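Asker: Sequence:
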Amino acid sequence: MSEESRGEEFEQAVLRALPRDLSSERVQHWLHRPQDLADGLRRALISEMVPSAWQRLFDACRQDEIDADFNESRFPLEPIAPDEDDWEVHQYSFANLALGLHGDEIVRRLNNEGYRRCGPRRGMQFISKNPDIQTRCSLVLPTEWRRSEQSVVPVFGRNGYWDCHNPLRVVRLHPIEGLFHSGLIAWLVLHKKK
Numbered sequence: 243m244s245e246e247s248r249g250e251e252f253e254q255a256v257l258r259a260l261p262r263d264l265s266s267e268r269v270q271h272w273l274h275r276p277q278d279l280a281d282g283l284r285r286a287l288i289s290e291m292v293p294s295a296w297q298r299l300f301d302a303c304r305q306d307e308i309d310a311d312f313n314e315s316r317f318p319l320e321p322i323a324p325d326e327d328d329w330e331v332h333q334y335s336f337a338n339l340a341l342g343l344h345g346d347e348i349v350r351r352l353n354n355e356g357y358r359r360c361g362p363r364r365g366m367q368f369i370s371k372n373p374d375i376q377t378r379c380s381l382v383l384p385t386e387w388r389r390s391e392q393s394v395v396p397v398f399g400r401n402g403y404w405d406c407h408n409p410l411r412v413v414r415l416h417p418i419e420g421l422f423h424s425g426l427i428a429w430l431v432l433h434k435k436k
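Quick note, in our numbering, the sequence shown goes up one by one and the last residue is 436.
Since the hints were derived computationally from the structure, they do not count as laboratory data. Keep in mind that the hints are not guaranteed to be accurate.
[Claimed, not checked] Derived DSSO-like pairs (lysine-lysine); straight-line CA-CA distance at most 30 Å:
hint, residue 1, residue 2
1, K434, K371
2, K435, K371
3, K436, K371
[Said to hold, decoys possible] Cβ-Cβ distance ranges computed for the label pairs, FRET-style:
hint, residue 1, residue 2, range
4, L426, P293, 27 to 33 Å
5, W387, Q277, 34 to 40 Å
6, R262, W387, 54 to 60 Å
Treat the numbers as computed from the prediction; the structure is a model and nothing was measured. Here a beta-carbon is modelled for each residue, glycine too, at the ideal position from N, C-alpha and C.
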């Protein structure tokens, strides 16, 4: 098939795919402003082909299963901080703490010890560079989202028994309380470089 006939076939496919229930106002708008139509089509066609920065970063983490609620709209990438190079991702364990800490107390405890929350961008960068860590312990990304009545956080972990040789890498959303009582759970936080 020649390039020209392939182009014509694509144009026909686009025309066939156009919704038939467009309002007359929308059609009239595009007739008077064809550049708006061209821009909309370009965004629709290209955005499907070019993954977002979030998606590229998540894909680099090589997960086998994902909670559908862990996505870019609920856990957007944090902006680059002016002093970002002064901080590194660190794994923090609450294993030796007494039971009974709650979400706000966890954050306060981390802040008092000189840590900052690790956002999705820095956390996924760390996981993509260290893919085997989550097969040894679950990694909590301390970025909360409200699901129903609970604050949940993403946990990059494994699916399978701890002695399993080929566990699946999974991302689940868990309630924030109860994620710090085990030595098999580490919180990803930012720690000032020395």
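Asker: For each hint, tell me whether it holds in the structure or not.
Answerer: Consistency of the hints with the structure:
At most 30 Å may separate the alpha-carbon atoms for a hinted pair to count; K434 and K371 meet this at roughly 19 Å. Restraint check for K435 and K371: the C-alpha separation of about 18 Å stays at or below 30 Å, so the hint holds. For the suggested pair K436 and K371, the alpha carbons sit about 21 Å apart, so the restraint of at most 30 Å is met. Range check, L426 to P293: about 32 Å between beta-carbon atoms, so the 27 to 33 Å window is met.
Between W387 and Q277 the beta carbon distance is about 37 Å. The supplied range of 34 to 40 Å therefore holds. The hinted window of 54 to 60 Å between R262 and W387 is violated, with their beta carbons roughly 38 Å apart.
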